[in-house]
Amino acid sequence: MRVTMDIGTVEERAGPRQFGPKDDMPEEYRKAATRMIQFHANSEIMGAYLERPFIRQAPSLDRKLAFSAKVQDEIGHGQLLYRAAENLGIKTRKQMLDELANGEGKFLNCFHYPMDHWWETPMIGFFVDGAAMRRQATLKNTSWEPYAHAMDKICFEEGFHIKHGESILRELATGSRKEQELVQEAFDEWWPRILQFFGPTDDQSTHHDFASAVGLKTMGNDELRQAFLNAYLPKARKYGLEIPEYPRIHEHNDGRYEVVEDDLDWNEFWQVAKNDFEPGVAQIDSRKAAREAVAWVRESMETPSAGSSAGGVPGAAD
Amino acid sequence: MIWEVFRQEARGKYHTHCGNVHAPDKEMALMFAQIQHGRRRPTHSLWVVPGEEIGEVDAEETTFGGTTDKSYRWAMTFNTDEDFAEEIAASQREQEQAERADRAGESDEDEADETATGAEATEEGESA
Ligand SMILES: [Fe+2]
Ligand SMILES: [Fe+2]
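Line by line, the protein sequences are chains A and B. Positions 986 to 1303 (our numbering) are the ones given, in order, by the first sequence. Positions -6 to 121 (our numbering) are the ones given, in order, by the second sequence.
Result set (DSSO-like, lysine-lysine): computed pairs, CA atoms no more than 27 angstroms apart in a straight line:
| # | chain 1 | residue 1 | chain 2 | residue 2 |
| --- | --- | --- | --- | --- |
| 1 | A | 1076 | A | 1091 |
| 2 | A | 1016 | A | 1125 |
| 3 | B | 63 | A | 1049 |
| 4 | B | 19 | B | 6 |
| 5 | B | 19 | A | 1007 |
| 6 | A | 1125 | B | 6 |
| 7 | A | 1007 | B | 6 |
| 8 | A | 1138 | B | 6 |
| 9 | A | 1138 | A | 1007 |
| 10 | B | 63 | A | 1138 |
Don't read these hints as lab results, they were simulated from the structure.
Same shape as in the complex, but just chain A (with noise of 0.2 angstroms):
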């Protein structure tokens, strides 16, 4: 019988792509790991609704197609990351998918926030997934194997994304002086919440140690937040967005940016984390009912035989 591997072990042998199912992983890198995915996967699927209504509000067929595809995308992903995450032994899809119904499940803080109109939609297809492909690349060194072999696949489905995202965004920047008024309000209202996108400094982050002890994760939110200015902050002044002046954000003579931490509303932010935030709980029980609404179709795929459930009336998801 193989013994589980103690902590020390764990952190000695951590590195890309270590350990997989086969492996007898401690309890507490399997519940750190199932606590990290789970919240990845939670994030795509409350992301892909967010953006489903711009399949129909899209201004062109082009744009239509391309939501729809990126829609479909990301609800695969949010499907890749439960498997990778079940493979732990911790919870199981139905699981996770039943607390993201109930309001236990966390997720991003960017997809607690409505998003009302096209000129709002850059402010997701390019700047948070900018951000979360940022971070996903670095995820295709996690230590734990499943994780890594979804990474492989989302990052090669994400450049589409964030493309298609500019690609809008140049639309609107170069568009009519009223386009250009709507994007910079959209950009005004979206930015904090981006640049929160990488939570609070690490020496706050509660999980952040044992994740990279462990190599489950490889870059702090700090070196994230870094490297996603770095990449993104000159798009945006490209596109003639103006930066807000709240939160202030310090450029060093090294290039290093500093963002003023003070000027961010993290009682706001804490609120969203516990998915205590109103607009945010609205979006959770949306997607439950959406889900409960197509129930029977779920049903009638696990017994084709049994018909239509007794006496409901089918619905859709909208």
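With chain A held as given, fit chain B with the ligands onto it using these hints.
Relative to the frame of chain A, chain B with the ligands by itself:
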């Protein structure tokens, strides 16, 4: 009974198909797989799967990726620059490679490699 064999070259890599063996049960299949496919090529792990349990659909029965123009889901379609972030450039490179391979009618470059490997391993198995 035929067992399909999948080899993983090193920890963390993918198991890829490398051939098949005749064997009456799983244990024997694992042993034959080791002899035929795990001796000369770098091997970290082998999987054996009963051939008859494998489902297949091929390009004669279906059109993978659909029949309509789906260029809207490729990074190359959007003419913004990808070089501002290495991970976007890498993603596009992979997509370009996939598209080229698809046009050339093969799944990817590794496949030719694997076929050659299979032949080599079979010879090795025979001489064992
Ligand atoms: Fe995604
Ligand atoms: Fe995406």
